[in-house]
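Got chain A sorted already, so can you dock chain B onto it with the hints?
There are 2 protein chains.
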Amino acid sequence: MKSLNKLKKKNEEGKFICVGLDTDIDKIPGHLMTLNKPVVEFNKQIIESTSDFAAGYKLNFAFYEKDGKQGLENLSETIELIPKDAIIIADAKRGDIGNTSQMYAKAIFDHFDFDAVTINPYMGKDSVEPFISFSEKLIFILALTSNKGADDFEKLQLNDGSFLFQRVIAKVKDWNQYNNCGLVFGATKIEELKENINLIADLPLLIPGVGAQGGSFDDILRVLSSANRINYVVNISRGIIYNSSSNNFAISAQNEIKKYNNIAKSILGY
Amino acid sequence: MKSLNKLKKKNEEGKFICVGLDTDIDKIPGHLMTLNKPVVEFNKQIIESTSDFAAGYKLNFAFYEKDGKQGLENLSETIELIPKDAIIIADAKRGDIGNTSQMYAKAIFDHFDFDAVTINPYMGKDSVEPFISFSEKLIFILALTSNKGADDFEKLQLNDGSFLFQRVIAKVKDWNQYNNCGLVFGATKIEELKENINLIADLPLLIPGVGAQGGSFDDILRVLSSANRINYVVNISRGIIYNSSSNNFAISAQNEIKKYNNIAKSILGY
Chain A
3 MKSLNKLKKK
13 NEEGKFICVG
23 LDTDIDKIPG
33 HLMTLNKPVV
43 EFNKQIIEST
53 SDFAAGYKLN
63 FAFYEKDGKQ
73 GLENLSETIE
83 LIPKDAIIIA
93 DAKRGDIGNT
103 SQMYAKAIFD
113 HFDFDAVTIN
123 PYMGKDSVEP
133 FISFSEKLIF
143 ILALTSNKGA
153 DDFEKLQLND
163 GSFLFQRVIA
173 KVKDWNQYNN
183 CGLVFGATKI
193 EELKENINLI
203 ADLPLLIPGV
213 GAQGGSFDDI
223 LRVLSSANRI
233 NYVVNISRGI
243 IYNSSSNNFA
253 ISAQNEIKKY
263 NNIAKSILGY
Chain B
3 MKSLNKLKKK
13 NEEGKFICVG
23 LDTDIDKIPG
33 HLMTLNKPVV
43 EFNKQIIEST
53 SDFAAGYKLN
63 FAFYEKDGKQ
73 GLENLSETIE
83 LIPKDAIIIA
93 DAKRGDIGNT
103 SQMYAKAIFD
113 HFDFDAVTIN
123 PYMGKDSVEP
133 FISFSEKLIF
143 ILALTSNKGA
153 DDFEKLQLND
163 GSFLFQRVIA
173 KVKDWNQYNN
183 CGLVFGATKI
193 EELKENINLI
203 ADLPLLIPGV
213 GAQGGSFDDI
223 LRVLSSANRI
233 NYVVNISRGI
243 IYNSSSNNFA
253 ISAQNEIKKY
263 NNIAKSILGY
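Residue numbers (the numbering used here), protein chains in the order written: chain A, 3 to 272; chain B, 3 to 272.
Careful: at least some of the hints might be erroneous.
Identical copies look the same in the list; a pair holds intra-copy or inter-copy alike.
Straight-line alpha carbon distances no greater than 25 Å define the calculated DSS-like cross-link-like pairs of lysine-lysine that follow [as the list claims (entries may be wrong)]: (1) 173 / 29; (2) 267 / 191; (3) 108 / 150; (4) 173 / 260; (5) 46 / 71; (6) 261 / 10; (7) 68 / 10; (8) 68 / 4; (9) 196 / 71; (10) 127 / 191.
Think of the hints as simulated: they come from the structure by calculation, not from any bench.
So that you can see chain A by itself, here it is in the shape it has in the complex (with noise of 0.2 Å):
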């Protein structure tokens, strides 16, 4: 199935939670640390207490490129436990040149058949490509980041008034050829969403900035939901999957969803 057509599917069921599975050794809770593989149990645990209330998850290499080929191949083995009608974000962020970009598009679509990534447009057109070559998969263009450091370039103003996220959203909407595109665009402040949901229009959207970064869910679904728009996820990393450090870890992780879902319902009528 065409990733986007997963979303969507997801988004009809009334899930627009995406889980962010972030797993840092150095904070999972200690009863797991006996075991073979300490970050897939856990990973393992989450997922199948979270994938029936849950649209996906999003993986960023980060927490697994850090132990090396022992961290890709957890990367690997949590993949394969994920339930194949959730949508998989490999969070990478990743663009070169296009000869480059080549090689990490095969290594994120081929090699470890996620549905989705993360990419960074600093570089541009061509580096950008390679991944929208993929035409069933959806490839999210960083926009708006949820951290404070969004200030230092992603909100200059351009000398035609407009800000520079705002050209790359402008830019995405031209590169679309597939209807393959979409946004990362972060939430902490609901204002800038509220201004950009226009120029936004239908392109499919990862929020980020829920929960330990400070961004609202009900604000983020008030405002999409005012202007009719579908496809999207909110992701929540931490506030998830740290929500208790007890041995009901997976447990509090479902409520946790379970409340965001709820609140879905009332804001979204599902």
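Same frame as chain A, now just chain B:
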């Protein structure tokens, strides 16, 4: 030894070429394909033949990640083969929220023990800081890249008349408290290096774009020499490692670097 000092020493020996080990299994000589680890064997022969003449080596993660954990094993084994006086650059172009960039920095500097890294600045200061905090290492931040897509965002004009990549350079100077920041500055158009040489000031440079991408080594050295600049490497990947597809590919690679070193000698008087 501090990575900057490694670079300086190599430059003082008249060595300015960084060999890009963008090793693609589809492009390496056929006679290696019967071996157990063709990529590592190819890199081994290139390193043994070139290490007396090169300033360093740049490994682009894309070419290794595309083979998953086997690729990262090839990456680790290749790093082990490089003499310790050469500067070893992780061409990773990473950048993420602070918490996550910290994990990438650990991967690159703790797990793989690289001397230097390339970083994408789009997400701003807190995405770069975790790398900079490794004060002995060298952090090459993308300013102007050598690809066509550089026109899309890097060369956008800001509301003060400067270009985005120039703002990046200014910010990198602000961030350079440990004297361990440098720039990636592409050299496909020599005028751009000339026009920005004063702005770049004494920041170390990693210069891509020579060889397969069309930049001229002679021109670059003339511009940098006129400005009394030191601490730079010119990266060449395909132009060196695939200079010949015969059994003598490693000798061909060596001869190619020697040509560049002779040019450096004639221009710089080493």
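Right, here's what the structure says about each hint:
no.: 1; hint: 173 / 29; result: neither (39 Å within a copy, 34 Å between copies)
no.: 2; hint: 267 / 191; result: within (23 Å within a copy, 56 Å between copies)
no.: 3; hint: 108 / 150; result: between (32 Å within a copy, 21 Å between copies)
no.: 4; hint: 173 / 260; result: neither (36 Å within a copy, 43 Å between copies)
no.: 5; hint: 46 / 71; result: both (19 Å within a copy, 20 Å between copies)
no.: 6; hint: 261 / 10; result: within (21 Å within a copy, 57 Å between copies)
no.: 7; hint: 68 / 10; result: neither (33 Å within a copy, 29 Å between copies)
no.: 8; hint: 68 / 4; result: between (31 Å within a copy, 22 Å between copies)
no.: 9; hint: 196 / 71; result: neither (42 Å within a copy, 42 Å between copies)
no.: 10; hint: 127 / 191; result: between (28 Å within a copy, 19 Å between copies)
In terms of the numbered hints stated before, the structure departs from hints 1, 4, 7, 9, listed from lowest to highest.
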